[in-house]
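Engineer: For the record, the sequence lines run as chains A and B.
Residues in the first sequence are numbered from 1 upward in steps of one, following UniProt numbering.
Residues in the second sequence are numbered from 1 upward in steps of one, following UniProt numbering.
Please note: incorrect hints may appear among the correct ones.
[To be verified] In silico DSSO-like pairs for lysine-lysine, Cα to Cα no more than 27 Å straight-line: (1) A/Lys3 with B/Lys59; (2) B/Lys49 with B/Lys94; (3) B/Lys79 with A/Lys59.
[Said to hold, decoys possible] Stretches of chain B that chain A covers, calculated by requiring three or more beta carbons in the stretch to come under 8 Å of a beta carbon on chain A: (4) 2–15; (5) 68–79.
[Said to hold, decoys possible] Simulated coverage check for chain B against chain A, where a stretch passes if three residues somewhere in it have a Cβ under 8 Å from a Cβ of chain A: (6) 42–54; (7) 84–93.
These aren't lab readings, by the way, just hints derived from the structure by calculation.
Cβ atoms here follow ideal geometry from the backbone N, Cα and C, with glycine treated the same way.
So the chains spell out like this:
2 protein chains.
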Amino acid sequence: MIKTPFLATDGIIELYDENNNFKGIVLIQRLNKPHGLALPGGFVDIGEKVEDALKREMKEETSLDVEIKRLQNIYSDPKRDPRFHTASAVYICKSKGEPKANDDAKEVYIYDLDKIPLDKLVFDHKKIIEDYLLSKEQIL
Amino acid sequence: MIKTPFLATDGIIELYDENNNFKGIVLIQRLNKPHGLALPGGFVDIGEKVEDALKREMKEETSLDVEIKRLQNIYSDPKRDPRFHTASAVYICKSKGEPKANDDAKEVYIYDLDKIPLDKLVFDHKKIIEDYLLSKEQIL
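The following block holds chain A by itself, in its conformation from the complex (with noise of 0.2 Å):
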């Protein structure tokens, strides 16, 4: 019997308005445990791609519809969720319009980068976005 970590991905939504300018990155306040700030994600199904996933995920917490811009990196630290030990395929994605909380999200938010509360997030969320904030430094 194979029996491996479970399998989830998050994404890391970069908001646009209307007129292309950057609002923010997505977060949501989860409804279930472990409560606090996270990224929105959830498992991938079987019979599901990852990216799938990803999208239908990100449209049941936030209604958003997003557009995969690059696998960030997976986490798989056994200790990265509390529960039980859960690999993470992290992407960044875009998306426009307005975000509003659904299914397993209590609250979404919108932060600009610098103003992420970065000791508010559950599971390994905050260094995954550390790692975000340090990839785009090294692009500009």
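Fit chain B to the given chain A structure using the hints.
Structural biologist: Frame of chain A; chain B shown alone:
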């Protein structure tokens, strides 16, 4: 009960000789079904980081110690593995020395990039290697 695809990892090992001359990439003849030519790889264990699983599998199947260069992509088409739904995190890595078949590998081969028998590859490893060759062209 959460059910997600099994999580695996495969490696594109760029092999160099002692004088840092590129020798080719390492492929294996699989001992277990499905039989055929494949990238070395295997399942991620619970409690193990994906990068550690990659290094363990490369060592088990080819006897090589590898250094990870970068994550190429995650391949998760539900039909890519004929047995069940498996998502594979594919890493490009480098190594030195002489590969030796071990574990699930019946034979181990070193192929020049322009001599890889793409149509003999199992799973979606043909596509994975084509993506790799394409990314190398774009870098050059």
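Engineer: Now, for every hint given, state plainly whether the structure supports it.
Structural biologist: Tested hints:
Between A/Lys3 and B/Lys59 the alpha-carbon distance is near 20 Å, which keeps this suggested pair within the 27 Å criterion. In summary, the hint linking B/Lys49 to B/Lys94 is supported, as the alpha carbons are separated by about 19 Å, within the 27 Å threshold. Under the criterion of a C-alpha separation no larger than 27 Å, the hint pairing B/Lys79 with A/Lys59 is consistent with the structure, at around 25 Å. Given as covered by chain A, the stretch 2–15 of chain B passes the check, having 7 residues with a CB less than 8 Å from a CB of that chain where 3 are the minimum.
Restraint check on the stretch 68–79 of chain B versus chain A: 6 residues with Cβ-Cβ distances below 8 Å, three needed, restraint holds. Remark: the stretch 42–54 of chain B is confirmed as covered by chain A, as 9 of its residues place a Cβ nearer than 8 Å to a Cβ of that chain, reaching the required three. Residue count for the stretch 84–93 of chain B with a Cβ under 8 Å from a Cβ of chain A: 3. That meets the three needed, and the coverage hint holds.
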